[in-house]
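Colleague: As given, the protein sequences belong to chains A and B, one line each in that order.
So in numbering that gives the first Met the number 0, the last one in the first sequence is 226, and the numbering has no gaps at all.
So in numbering that gives the first Met the number 0, the last one in the second sequence is 270, and the numbering has no gaps at all.
Simulated from the structure, these hints should not be mistaken for laboratory data.
Take these hints with a grain of salt, some might be off.
What the hints assert, rightly or not - Between beta-carbon pairs, the in silico distance windows are:
1. Glu-175(B) x Leu-223(A): 46 to 54 Å
2. Pro-132(A) x Gly-231(B): 38 to 46 Å
3. Glu-158(A) x Arg-202(B): 39 to 47 Å
4. Glu-175(B) x Ser-131(A): 40 to 48 Å
The structure presented is a predicted model; accordingly, all values stated were derived computationally and were not measured.
We treat Cβ as the ideally placed atom computed from N, Cα and C, and that holds for glycine.
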Amino acid sequence: MTVPFYVAPEQVMKDRADYARKGIARGRSLIGTIYKDGILVAAENPSRSLHKVSEIYDRIAFAGVGKYNEFDQLRVAGIRHADTKGFTYSRDDVDARSLANVYAQYLGQVFTHEMKPLEVEILVAELGTDDSPSQLFHILYDGTVMDESRFTVLGGDSESISERFGAEFQPDWTLEVALRTAVRALAGPDRTLTARDLEVAVLSKNNGRRTFDRLGPSALEGLLQDR
Amino acid sequence: MTLPVFDTREDPGPNFMNLLIKSGLGPFEPLAGVASELPSKGITFPHGTTIAALRYAEGIVIAGDRRATEGNFIAHRRIEKVFAADKYSAVGIAGAAGPAVEMVRLFQTQLEHYEKVEGVNLSLEGKANQLSQMIRANLTMAMQGLVIVPLFAGWDLQRKVGRIFTYDVTGGRYEEVAYHAIGSGGKDARTTIKLGIKEGMTRAEGVSLAIAALYEAADEDSATGGPDLVRGIYPIVATVDRNGFSRLADAEVATASQEVISTKSSAGGSQ
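Go ahead and model the full structure; you've got the sequences and the hints to work with.
Modeller: In structure tokens:
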């Protein structure tokens, strides 16, 4: 009988985390930020049809970076969770905090028990009301949840993007200013990103019940154009 | 609640009703058991009555009265029976009010769920077929008297035309050419529309004809509520056109209803 090699649990966890981080670092990053009328999510994504940012519920949006099939499965599961809850109780009872918790539990479960961790980082954003502020839940591949009230950056190069973006952040800025800053921060000093390289969506207080709105190419070009 | 993640072979896809069934929350089965125990006569529950829909030049107008009855009693005076199913379609319900309103809620969630999961809207025909399947799933309850018959209307984004669909209790789906009315006052409403309908009516003419149809239905059918001038209760009227569903403001319906009434009284018809 062969005796399996002993591997310290610290080493197992570290290997898994390295594996997940490497997978995430291969993809492009995204920024979620508060602006005057809501929440803006801007992602670097050359594809028009494979979305990184999507609608979960009336006031909740989802965004993911890393492996597409894995975060898309999480996106669909989130829609299922929210719609089931809204149908069983009421639309007002669907909230991002509980959704972020079930995501965190699932990611944590997969990280410790499955062969391979999910190579994703996700964002659950909830548009606030007059009584409650907007919230951004940033969830990592191992189930770690971070609760942000200003902005958050997901993806491989998040530290330097975060530094660039944080330096210019203002809580009450307009969509146009927030978007331009986000695009500059995503691009970095050596590149420029155009509307075709971007996927942008908002949760806006001006959109009625379903606050999610994906900005089409013409709207995006309009906002990015120099004038 | 845990995250609803399914094995690929078990995945319910973009179908919300299947998701509920897979999650053990199926909307029809548990009640079907109760329904088989129900005596088919002897218990009363609210019934919704008349819904009318017709086509005008730019779309569809759909209208419903506000009354629900329990036997010969008026159960509710302000019930709403016309709903937006999604941005481009509307559904009106007649029959057992409780399960019908619940079915509308399920239908609305079903359409929105599909749209969010798939990233595109269902076609109008796809929506009409989904409703058909829900009515069929309710057949056991219908056999016990909990009949739900909706009227579905919407704007077909591919064909650029407004379309009206009616259903029977088995889920049979029928497309109407220009108008239809369902419920206990449906026959009188249909006759009124039949006599008044023209090609290329304006929105205002369409709204006025739909209100007149409900007025005549209420005149002949005790279960249909007419315009209530004392309490200020008027029918729910909505239009669906290329810009989507829009419900008329109460004031606009009140004005149109009063015009219909004054036309009737100035014609001097004392019968």
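Colleague: Does the Cβ distance between Glu-158(A) and Arg-202(B) fall inside 39 to 47 Å?
Modeller: violated, 57 Å
Colleague: Quick check on a hinted range of 40 to 48 Å for Glu-175(B) and Ser-131(A), using CB atoms only.
Modeller: holds, 46 Å
Colleague: When you take the CB atoms of Glu-175(B) and Leu-223(A), is the distance between them in 46 to 54 Å?
Modeller: 48 Å Cβ-Cβ, so the 46 to 54 Å window holds.
Colleague: For the pair Pro-132(A) and Gly-231(B), does the Cβ-Cβ distance stay inside 38 to 46 Å?
Modeller: This hint holds: roughly 40 Å between Cβ atoms.
Violated hints amount to a single one, hint 3; each of the other numbered hints is respected by the structure.
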